[in-house]
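Participant: Given the sequences, and given the hints that come with them, work out the whole structure.
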Amino acid sequence: MTAGSVLSVRHLSVDFKTDDGTVHAVDDVSFDLAPSETLGIVGESGSGKSVTSLAILGLLPTTATVTGTVIFDGENLIGRSDKQLQPIRGERIAMIFQDALTALNPVHRVGDQIAEAIAVHHHTSRNELRTRAVDLLDVVGIPHPIERADDYPHQFSGGMRQRAMIAMAIANEPDVLIADEPTTALDVTIQAQVLDVLERIQERTRTAIMLITHDLGIVAGIAGRVLVMYAGRQAELGTVEDIFYRPCHPYTQGLLASLPRLDRRATGDRLHRIKGQPPSLVFRPSGCAFHPRCPVSDRDGLCATTVPETRVVDGDHVSACHFATTLGLRQEHE
Amino acid sequence: MLRYLARRMLGSIPVLLVASFITFWLIRRAIDPLAKYRHIRDAEAIMAQQRKALGLNHPVIVQWWSWLTHFVRGDWGTSARTSDAVSGMIQHALWPSVQLLFWATIASVLVALMLGTYSAVKQYSAGDYFFTGLSYLGIAMPDFFFALLAIGALVTWPAVHFHLNEPILYSIGLHTEGESGLSLDYFRHLALPVLTLTFGSVASWSRFHRSAMLDVLNADYVRTARAKGVPRRQVIMRHAFRNALIPFTTVTALDTAFLISGVIVTEKIFSISGMGQAFLTALGAGDAPFLLAWFVITSVAVIAMNLLTDVAYVALDPRIRLS
Amino acid sequence: MNTPAMLSQRPIEDPDLAPGSGPVMRTNWQLFRRRFFRHKMALVSIAVLAVLMVACYGAPWLAPYKQGAQNLLNSDLGPSTKHWFGTDDLGRDQLSEVMYAGRISLTIGLAVAALSTIVGVTVGAVAAYFGGATDQSLSALTDLFLILPDLALLAVAVLIFSQSYTSIVVVLAALGWMYMARIVRAQVLSLKEKEFVEAARASGASTTRILIRHIIPNCVGTIMVNATLSIALAISTEATLSFLGFGVQPPQNSWGRMLSDAEAYANSSSRFYLVLFPGLMLLLTVLAVNFLGDALRDALDPQSRR
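Protein chains in written order, with our numbering: chain V, 76 to 409; chain D, 895 to 1217; chain B, 192 to 497.
For the record, the hints were derived by calculation from the structure and aren't laboratory data.
Incorrect hints may have been included.
Claimed, not checked - Coverage of chain B stretches by chain D, computed from C-beta distances (three or more under 8 angstroms per stretch; other residues unrestricted):
1. 284-290
2. 332-341
3. 403-416
4. 426-433
5. 475-488
We put the CB at the ideal spot given by N, CA and C, even for glycine.
Facilitator: The following block contains the structure:
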């Protein structure tokens, strides 16, 4: 475990039993989260990024088998019961979900739901709870917080709802905040506002944030380090500059190349896309999961037979590709 | 809320009118008001006279309208069987049935909610399978067979086997001679009829609630509650159950009319002189005036129950209340 | 977030993708068979129903005694090897009576289900397809009959006719078709908007043709399930009617009627078998039909949870 990290994930794997076979949703993922840093976890749908976050808090259904370790505060969180995890959930590690409309209980008032987050961990008077809830709504930038605290989730707009969720998550000033696609369901302008709220909160409380998204643009703006995932496995991990300027994994490179860019010359060509489709997580390609779509793979050689382990490219920048160093060297020469 | 209620009540009036017309028409066809005159001397003449007096020469809809106008003014006619005032008979018969329905509804709702919640929370456990099996049995069992089995098992067999002077539970009426009020005697009489009325509803409602709870337990907001650190019991009750109650109210509304059919069978078997028994007697005797009033009262009762559950539904779901 | 269910989707065939990465697609019929046969209770039910139908419809050849054959010397006997279900106060063998009565109970159930299905499907499909006044009147009608207690209405209606076998079937079906109509209406309404209907209409197919060849075949699953369940309901309702005295009249017999006769003996511990056996037959039949209906529903609609 890296000294000083608040959360340390090692060889995390999650399998689901289904009628069609075992789904390998997460396969051997390892990363650290330093205090007060923002780690962006990027990947397509099905890459396993959300499942990873749910695994940390033990929120996966019983059909899931979770192996590996997640060290928090000196203890491994994996395999613990609901009762054992209860003091940590919402208090030390909190989570924000993607769709605030379904993630908030429709029959309880927003203020009450925020108050509940506090009340289950601390003995507080009703008045105190109410004051804190209103305060939190104010902190996240909701106007007229006193009146709004008595409203129901369906009476909020999308952006406001998401802010209310954030308020609920930071109520106990957790050490870690996991944000699972917090802006995916929102308009671009609202997205910016919500991300802004997150940044302000982090400045205030020095919480570490794990931001899960498929949107590289968001990651570029707010993250310090980035973990790129593909088909349940980690592809690349490094600082934002490492990933964006010196990507050493063909998948990352493909992702970056498919971003519409204003600064490149318009060549009249179509947008670049990565050929093919993400693989089934039940019947994965042998060897490297990305090799059928990879422009640099040797189809029947190493890439098809051996799963590439994560190797160091430069300091803390790691990549799970057989040709990571070659790709790294190529960058230097460009 | 009040406006909503008022609107719904007004909306039920046309339904009531059509329903009463249909029952009027059916009863006219089923019961021959001139039956008692058919085989006497001078039948023809007397029948013609009676036909005029009873307004039978007019089209059915006119006859119905005439009956209706009397009815809403409080004139419910006299029984063709006993010549007593129909309104009095109905009043008399209502009370025992209301008691049965009251206890049965409370018992059904409470037991169904408990069983459904338990089965959902402990899905696939032995208890869940057991109750699911029981539900299947409950849904398939005809209520009169259940009642007879219950009598055999809980009244007859213990009395014979343990050589009792008095049965533990009674199978006739609601009170023993001379007793009244909420005594133990009352509940010993109530037990079997209420059980008969309840088991069918419990069987289907508990399965429905189980499935509603399962749906809700998989909802995003339940996951959020767990992520907040809300203890399991509170998650189940304050978050899941509270939301599963909403669809539950719709299911209870649908069954009111069926409950009334159940009351007819139950009162017959357990010799309770309520609306059910009264219906059977009236039908057997061809007592048209009574039957007409009977149908109106039961329809009103069903509509009232539906309105009540509507109100409950709106009260429980703020998304509907505040839109 | 992606649920594991979504994650296990078979990959879309993409020429860029490496071949051989997905499982074989199964046909609809095989899927149906596989899901249906997973229901052991349904298989047991089919067996039970088969035995019942053979026993009841084969009563003239299989019953140990003739129907209504009295033998006062053997009256009021409990179940024994000579009389498996015992005898009543006139010495009639109850096993035979149950078998003969079963014919009526089962036939009425099947006939009512068939009739109400045909009428219900037609009305429901037409109402949904044409919409407007037809649809509204159907909805109003169905809602109306939800207010009136069905048993009471049936009892009155049956009195209008001669209380013969046929009139009971007609009356029960007359109240039963509305449930099926509602369900079919909902199905047709959703199907109406689908593309293949528009395509058919664009190619000039007449309304009847569209209804018969395109829409109804897609409802078959739902129709089958509900028709099955309505058999159970019909058997139950006839039994209740007969129990109250408004159904089948002597000399015809049904399980409900047998229970009506036996009602007096519920209080007796020595003659309880007169209540037990006809009731048990009713219970078994309805239970079996329900299991069958449930299994059909699961097999035809994978979305429905247990």
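Participant: With reference to the structure, classify each hint as holding or not holding.
Facilitator: Results for each hint:
1. 284-290: As far as the stretch 284-290 of chain B goes, the hint is violated, because 0 residues have Cβ atoms under 8 angstroms from chain D.
2. 332-341: holds (count 7)
3. 403-416: Our answer is that it is violated, as 0 residues pass the Cβ test (under 8 angstroms) against chain D, missing three.
4. 426-433: Since 3 is at least three, the answer is holds.
5. 475-488: It holds: at least three residues are needed, and the stretch 475-488 of chain B offers 4 whose Cβ sits within less than 8 angstroms of chain D.
The structure fails hints 1 and 3 (numbered hints given earlier, in ascending order).
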